[in-house]
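The numbers in the numbering used here rise by one with no breaks, and the one at position 50 of the sequence shown is 50.
Calculated directly from the structure, the hints in this document are not laboratory data.
One should not assume that every hint holds.
Cut-off 30 Å, straight-line C-alpha distance, at most; resulting in silico cross-link-like pairs (DSBU-like, lysine-lysine) [what the hints assert, rightly or not]: (1) LYS103 x LYS145; (2) LYS72 x LYS103; (3) LYS74 x LYS103.
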Amino acid sequence: PTTCNIRCPAGVCPRTSSFPTTHVSCNFCIFADDCVIYHSVTNAPDQTLIQHDLNNIQTWCNHWLMKLNPNKCKLAFFSRRHNPVMLIYSITNIPLQSVQSLKYLSVTLSHDPSCCHHTTSIMPAANQSVGFLRRQLRHTLPHVKMLAY
1 PTTCNIRCPA GVCPRTSSFP TTHVSCNFCI FADDCVIYHS VTNAPDQTLI QHDLNNIQTW
61 CNHWLMKLNP NKCKLAFFSR RHNPVMLIYS ITNIPLQSVQ SLKYLSVTLS HDPSCCHHTT
121 SIMPAANQSV GFLRRQLRHT LPHVKMLAY
């Protein structure tokens with residue numbers, strides 16, 4: 001099966017219990033002001049279900065006077081198939097941008113099962129931290145370096 005993930009931008013998904021859980025059939029995660037909607041797609045009704053949930057969320061946002069910017073929402077497919085079905089979803093008749101990888105909670109999720117994309121994205125920050133420590137500890141006593149590490 002193909003898993004479809006749709007990520008909404010900051011400020012869109014509320015922290016209240018009024019989020020339309022009764023009107024959304026897909027799985028979703030809300031963390032702070034971020035929302036991810038996901039569902040396994042094995043047939044056409046699954047695709048319709050996801051689009052229906054997106055429409056319900058858009059209606060809910062309109063009801064609460066919240067602006068949902070479809071240009072900031074991302075769509076990712078995760079599948080083991082060689083030729084996965086790439087579906088098109090939309091919010092207010094604007095197609096969502098499909099991406100090969102996306103970052104969620106500091107973890108890079110990718111369409112392929114390797115962790116190469118995640119490792120590549122975190123290596124510069126890790127190297128920068130190590131470089132900072134080396135520069136700061138260059139002229140310190142050995143026992144101070146041991147405490148730092």
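Results of checking the hints against the structure:
Distance hint between LYS103 and LYS145 is unfulfilled; the C-alpha atoms sit about 34 Å from each other, more than 30 Å. Restraint check for LYS72 and LYS103: the C-alpha separation of about 13 Å stays at or below 30 Å, so the hint holds. As the CA atoms of LYS74 and LYS103 are separated by approximately 10 Å, the hinted pair is consistent with the 30 Å bound.
Consistency with the previously given hints fails for number 1 only.
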